[in-house]
Amino acid sequence: MTSSSASTHHHGPAVGLSRWLYTTNHKDIGTLYLWFSFAMFLTGGCMALLIRAELFQPGLQLIQPDFFNQMTTMHGLIMVFGAVMPAFVGLANWMIPMMVGAPDMALPRMNNWSFWILPFAFSMMLSTLFMEGGAPNFGWTFYAPLSTTYAPPSVTFFIFAVHMMGISSIMGAINIIATILNLRAPGMSMMKLPLFVWTWLITAFLLIAVMPVLAGVVTMMLMDIHFGTSFFNAAGGGDPVLFQHVFWFFGHPEVYIMILPAFGIVSEIIPTFARKRLFGYPSMVYATASIALLSFIVWAHHMFTVGLPLVAEVFFMFATMLIAVPTGVKVFNWVATMFRGSMTFETPMLFALAFVVLFTIGGFSGLMLAIAPADFQYHDTYFVVAHFHYVLVPGAVFAIMAGAYYWLPKWCGNYYNETMGKVHFWCSFVGVNITFFPMHFIGLAGMPRRIPDYALQFADFNAVATVGAFMFGFSQLIFLYNVIHCIRKGRQASSEVWEGSHGLEWTLPSPAPYHSFSEAPKVK
Amino acid sequence: MPDQQNKLKKSDWIKVVLSVLAAFFGVQSRSNYKRDFSSNSYWPYIFAGLVLMLVFIASVYLLVRFALAYL
Amino acid sequence: MKRVIFGLAVLLVTASPSHADWTMNLTRGVTDISREIYDLHMVIFWICVVIGVLVFGVMLWSVVYHRKSRGAKAKNFHESLLVEITWTIVPFIILIGMAVPATATLIKMYDNTEADIDIQVTGYQWKWRYQYLAENVDFFSSLSTPREQINNTQEKTTDYLLEVDNPLVIPVGKKVRFLLTANDVIHSWWVPEFAVKKDAIPGFINEAWVIVDKPGVYRGQCAELCGKEHGFMPIVVEVKTVAEYESWLAEVKQADAKQQQAAMKSWNLADLMAMGEEVYNKACLACHQAEGEGIPGAFPALKNSPVALGEVSVHIDVVLNGKPGTAMQAYKEQLSAVELAAVITYERNAWGNKTGDIVTPAQIAELKE
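Protein chains in written order, with my numbering: chain A, 960 to 1483; chain B, 6 to 76; chain C, 11 to 379.
Keep in mind the hints are simulated off the structure, nothing from the lab.
Be careful, since some hints might not be right.
Only pairs whose alpha carbons sit at most 35 Å apart, straight line, appear in this in silico DSBU-like list of lysine-lysine [what the hints assert, rightly or not]:
(1) Lys-342(C) to Lys-1483(A)
(2) Lys-1448(A) to Lys-268(C)
(3) Lys-85(C) to Lys-1381(A)
(4) Lys-85(C) to Lys-1151(A)
(5) Lys-1151(A) to Lys-20(B)
(6) Lys-1483(A) to Lys-39(B)
(7) Lys-85(C) to Lys-1483(A)
(8) Lys-313(C) to Lys-364(C)
(9) Lys-85(C) to Lys-20(B)
(10) Lys-14(B) to Lys-1151(A)
(11) Lys-39(B) to Lys-1481(A)
(12) Lys-1481(A) to Lys-78(C)
(13) Lys-15(B) to Lys-1448(A)
(14) Lys-250(C) to Lys-268(C)
(15) Lys-85(C) to Lys-184(C)
(16) Lys-83(C) to Lys-1381(A)
(17) Lys-39(B) to Lys-1448(A)
(18) Lys-39(B) to Lys-85(C)
(19) Lys-1483(A) to Lys-378(C)
(20) Lys-1151(A) to Lys-78(C)
(21) Lys-83(C) to Lys-118(C)
(22) Lys-83(C) to Lys-1481(A)
(23) Lys-250(C) to Lys-313(C)
(24) Lys-184(C) to Lys-250(C)
(25) Lys-342(C) to Lys-313(C)
(26) Lys-1448(A) to Lys-20(B)
(27) Lys-14(B) to Lys-1483(A)
(28) Lys-39(B) to Lys-78(C)
(29) Lys-85(C) to Lys-1481(A)
(30) Lys-1151(A) to Lys-83(C)
(31) Lys-1381(A) to Lys-78(C)
(32) Lys-83(C) to Lys-39(B)
Taking the hints into account, I'd like the entire structure generated from these sequences.
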């Protein structure tokens, strides 16, 4: 990339390591986020495969129960905070300035900082695996008092790491809000924003609202562990259930933080490949906002068995069931967008279609879980594991992959290899379903989650799930190869990239120049 | 701009409330949302949204009380 | 490898519900509540299936017929107030239809009044304690599957991981109320056939109840992650006729009396060591490990430890009263005087801890008073 000699302000990236360390460029930082999250995805994935390998047969074969618990905990934390969230922030960094016609993020130096906190936070968290007493072993939900009085000493490092992740997320969210509200090109009114931008705007508000709650709850843990308080210790006048209330007040909006940007990505992709405008754009925006608001009043549906009073039980059941309405609206809108379109099925579209179907299946099991009396049977079983993996893996992760394939030609100027992309899709699609569908059955049959060994009647479906997990896991290497191949060489992409693409990002050349929209574009 | 709020007439407030309710419901006619998004200030909408959220929570709670009393 | 092929092959036939070994659905259970819950589960399941067929059907139709390769031209509609209002209101009505019976069932589940029998259930890491409040019957119930089966050196039996030494016994047809609490961390007491799952929370008491219509043996597991051996603390409930239940109660009380007498007899080192090893394997091994080596950073070693080699009274105190703020529980209530004496003697003389000390059951019995 040669810089224009006419302007001293327009320069390309620095060379070498310092480019990545000191960068304030939204594209560089987006790239860093995406590679970081992919590395974490593989790390957490290896842990998942270890878990599945141990569960292949009844009996203890590979790992002992305590290490098994460390693996389930680290797998959950890494996938939630290390893989899914940073991937969405990475996509936001790359795409939001280009979509709203801004030259960069509003706060570029803070952007650099919010990324560079993450590798340190996760190094610290992973280092607990090598500490005496082992890594955190109390599940990613870290219920007290298992995570306080009965926790390994490494819990303090875990708390510090969570604080750092929280700071990173909050700064990222502030940056995204500031960019969307202040840096839109002239004529880019709110109701013209692409849906990805809208969903991220709402997600960013959710992040700012709930990350401090997470920070609060881990600080309370820290006080209980080291400073003699008794927030969660009944013997000192505290209440272990208080932990769960505070945690899930963060945790439930967190669930939507991980899915709303996915809605946005899919709402970009489906219209492009159906060659038809998104059906019901305003209701998509409203539905996203409704989901976000409702997400604050449903947290106790994770706690139906802790002995809530009947009134609370019914209240949270009703509120939770209500969420099905706006979520349903989204699915109907996507289907209506496809209806009477002119569809083609490139890899991003395949992932988006799989997202719609499989996320909806996850939504169905979510609806079943909302029925409080039935939840007494489902709670803490593999049925729940099946449910949240359906919304997170073929939900959030498939949407991220769809987004990566969709925008990859814009990022590096070359098309990825379509055949390889399709192979990756089909392997992932089949693998995901073989892994997680049988979990519905073993959960209903009565297998609790988070156990390293199980009774004989669960053996067959567990074996099947393990086979699927390895298939899904290893097919991600195809993705890795395809991305590297695409960066290095590949068919040159036009600026529109896709036949049906619409929006400001597609008016830029491919690859998008290091500095784009230095002069604001005009939006009609 | 908070001073904009003072200028809102009663009939405008009704429109704001109806728009927020439509947003809760998720469906709004094109003409109405064009009008809403061309208004000068978003504060009335945010204010109405927060108040109606509290009203919504209270009404779900009353519904629960009602259900427990009559089921 | 065989298992992989088998797994894949069977996956193809999972769609047929006739395959008996592949339990796929919720149990109907043996109580009115569990059957109501099963019905709710099936209703909501079929609602989801119908909605799924409709939505995915339209989607599949579009995927097949509205594809560019078939020459489909995109239409230009992108909103319709009527359609959008319809598909918001219809799910809403369906949900109301679901909420009514669900709330009714929930109200029944919360009716904890007028119980015939009260049993306090206490979760410990990693066993359950059952106290029959009106009967002065109190015992612990822990996993009885041998370690050899878990470590794959022995063939696994039918009830692998779902068997205990002392099952809970309740009579058929009576309303039994459980008062659930925990000693250390949160546990969750779950028997699928009763549709009872309630968290046992330290410092708080939760209530649940059951009326079982059919005698039998019902098995469940702890459902809330409670530490290392979370997967190894099953629940077994034997439901007996009222007469059988009464005679079981009498037997248990007799056995208790006998045990107290045993403490008065004199014991020699060899007998105590033999019994101590048995008790150790059941109660202590999970944390302190087979050779007393512990797990560094989590559970201290007993081999060459200052407690096991030091003052006897300190050792006895730790075992009887536990160490507050750590995973070390108080075993005073959990084990009999003979068992406690045996296991302390064992810890002071096994794995090269050669103190030669003998702790007598009489000594412990005195402390237990």
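Starting from the hint list further up, note which numbers the structure goes against and sort them upward.
Hints 1, 2, 13, 15, 17, 19, 21, 23 and 26 contradicted; others consistent.
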